[in-house]
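Trainee: Here is how the chains run, residue by residue.
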Amino acid sequence: MRQTIIALVTGTLFGAGLALSDMINPARVIAFLDLFGNWDPALAFVMGGAIIPMAVAYLISRRLRAPILHTQFHIPENRIVDRQLITGAAIFGAGWGLAGYCPGPAIAGLVFGNWQPVVFVAAMLAGMWLHRLTSDM
Amino acid sequence: MSTLAPLDPLTALAGGLLIGLSAAVLLLFSGRIAGISGMVARAVGIADSGTPRLQALAFVVGLPIGAWLLSASLRQPEVIVTSSIPILVTAGVLVGFGTRMGNGCTSGHGVCGVSRLSPRSLAATATFMFAGFAIVALARFMVGG
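Residue numbers (numbering that gives the first Met the number 0), protein chains in the order written: chain A, 0 to 136; chain B, 0 to 144.
Bound conformation, chain B alone (with noise of 0.2 Å):
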């Protein structure tokens, strides 16, 4: 197993801020917020309202397209994935299911909603971080890793 190279926190930074940037565009062009869960929803139908379904298709549509350019030209990620399918599946339901009832992720309330403070995504985020840092202590101490 190839373990995890340290990044550069300035590579990190400056990855946050193409992230903040694109949220930036995005609400003062077109009024959005730039909430993945939500457009990711919105473009396969599963959510009846919100961003107009061909804009969130498009965005959609353009983050691999991002990560491809950036990954070919700058930098060849190497990406580790240690889940097996049954623990894929499973986060992956609990992902689906959990944004839509808290209305955002990462990107709409750990971004977009605490650039603005917003009460409901300051909450959340509080919420999903510590449930993230609880469920990865506790695989650490039942695996005993």
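Chain A on its own, in the form it takes in the complex (with noise of 0.2 Å):
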């Protein structure tokens, strides 16, 4: 229970820092991916600024056995740079080239009373399905 208000609060506060930044705005992303354009630095000032916090918390969860609310850490510890990884990043990556859209900012902007996230939210989903119904064969 505890830890589902964590995740709720979380994740309230991450929809917060996404809208601040105006990450939830793709025009703003695609800024950033256009370097032959009008760049717009906006994105690497949110990158900087979120790894700070969190490279501070994953060297003090280093120290401590357990976090607060559970048992034991969930941290990846696979390091093998695969095809697989290699492969999911760019194809991710040219969709999100393409709309200017990634999974936190579109979920986040569902709110904000235009159409266009909704229709991104769910092929999204349609495309993680597709990538299970693949991987199962």
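Hints are supplied without guarantee of correctness; some may be wrong.
Label-pair distances were calculated between CB atoms; the ranges are [as the list claims (entries may be wrong)]:
id : chain 1 : residue 1 : chain 2 : residue 2 : range
1  : A       : 125       : B       : 52        : 11 to 21 Å
2  : A       : 67        : B       : 137       : 45 to 55 Å
3  : A       : 34        : B       : 2         : 43 to 53 Å
4  : A       : 59        : B       : 83        : 38 to 48 Å
5  : B       : 2         : A       : 114       : 18 to 28 Å
6  : A       : 47        : B       : 137       : 23 to 33 Å
7  : B       : 4         : A       : 51        : 23 to 33 Å
8  : B       : 72        : A       : 61        : 27 to 37 Å
9  : A       : 125       : B       : 74        : 25 to 35 Å
10 : B       : 83        : A       : 112       : 10 to 20 Å
11 : B       : 44        : A       : 67        : 46 to 56 Å
12 : A       : 55        : B       : 142       : 39 to 49 Å
13 : B       : 83        : A       : 4         : 33 to 43 Å
Selected chain B positions facing chain A (Cβ under 10 Å, derived; list incomplete) [stated by the list, open to error]:
id : residue
14 : 49
15 : 61
16 : 64
17 : 75
18 : 101
19 : 103
20 : 124
21 : 131
Which bits of chain A does chain B cover? Going by a derived footprint, with three or more residues having C-beta under 8 Å, they are [what the hints assert, rightly or not]:
id : region
22 : 39 to 51
23 : 56 to 64
24 : 87 to 97
25 : 121 to 134
I should point out that these hints are in silico values taken from the structure, not numbers from a laboratory. From the three backbone atoms N, C-alpha and C, an ideal C-beta is built for every residue, glycine too.
Starting from two chains that each stand alone, build the complex the way the hints lay out.
Mentor: In structure tokens:
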């Protein structure tokens, strides 16, 4: 129960951060990716700002035996860079550059009254489902 | 068509700090990585393992709540989306498929993984950034913008 509340609070905080930094705006994201146009550095500041507290939290977590509300840390231990990782990331990046949406901003952006994120999120779920279907084969 | 107003770098940095704080609290309290593509897949039942389903759902539901609260209180965003339906659908399918295949997106790899210098996340982030730059450049030169 307390972990579910933490999840809701952190999800809300994450969504607020995406809105404050204007990452919910696909035009802002595309302007960062547009190296040959009117380049907008905002996304780099957002990434930099996000990495600072998370890096500190990670260093703290390494000194803790367990998180505050749970019995263990669930941190991925796989360190092998394989073809699947790179292909998946390239496919994701292509879709990201195409419309300027990645999963978080698209979902956070559902509340601004425009229809585009609804279409994007529906297609994204279809893509996830397609991956599950094809990886089971 | 409206044009994009510049964003104050300090505002972008502050938004980033909120995102990082969110990921930090989730890690230190629940021991979980704030990877949104994974949480979404888990919340809708596409992924079978990872964050418990109710927690994943709570996190995902929090995203629009937080975005709405912030824009209602601080700054109403001027959201500009120029993509057509076929582009949105193609982009969505690619993002959904690619994030599952590559085990993460801008949050799980880009923020959380880079913060702990995970080799997989550093490689994934470099790759999706490069792909994003390449697609936007390609679109620019094909449309002739």
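Trainee: For each hint, tell me whether it holds in the structure or not.
Mentor: Okay, the hints, checked on the actual structure:
no. : hint                     : verdict
1   : A:125 x B:52: 11 to 21 Å : holds, 20 Å
2   : A:67 x B:137: 45 to 55 Å : holds, 46 Å
3   : A:34 x B:2: 43 to 53 Å   : violated, 18 Å
4   : A:59 x B:83: 38 to 48 Å  : holds, 46 Å
5   : B:2 x A:114: 18 to 28 Å  : holds, 22 Å
6   : A:47 x B:137: 23 to 33 Å : holds, 27 Å
7   : B:4 x A:51: 23 to 33 Å   : holds, 26 Å
8   : B:72 x A:61: 27 to 37 Å  : holds, 36 Å
9   : A:125 x B:74: 25 to 35 Å : holds, 33 Å
10  : B:83 x A:112: 10 to 20 Å : holds, 19 Å
11  : B:44 x A:67: 46 to 56 Å  : violated, 28 Å
12  : A:55 x B:142: 39 to 49 Å : holds, 43 Å
13  : B:83 x A:4: 33 to 43 Å   : holds, 40 Å
14  : 49                       : holds, 8 Å
15  : 61                       : holds, 2 Å
16  : 64                       : holds, 5 Å
17  : 75                       : holds, 9 Å
18  : 101                      : holds, 3 Å
19  : 103                      : holds, 8 Å
20  : 124                      : holds, 8 Å
21  : 131                      : holds, 4 Å
22  : 39 to 51                 : holds (count 12)
23  : 56 to 64                 : holds (count 5)
24  : 87 to 97                 : holds (count 11)
25  : 121 to 134               : holds (count 12)
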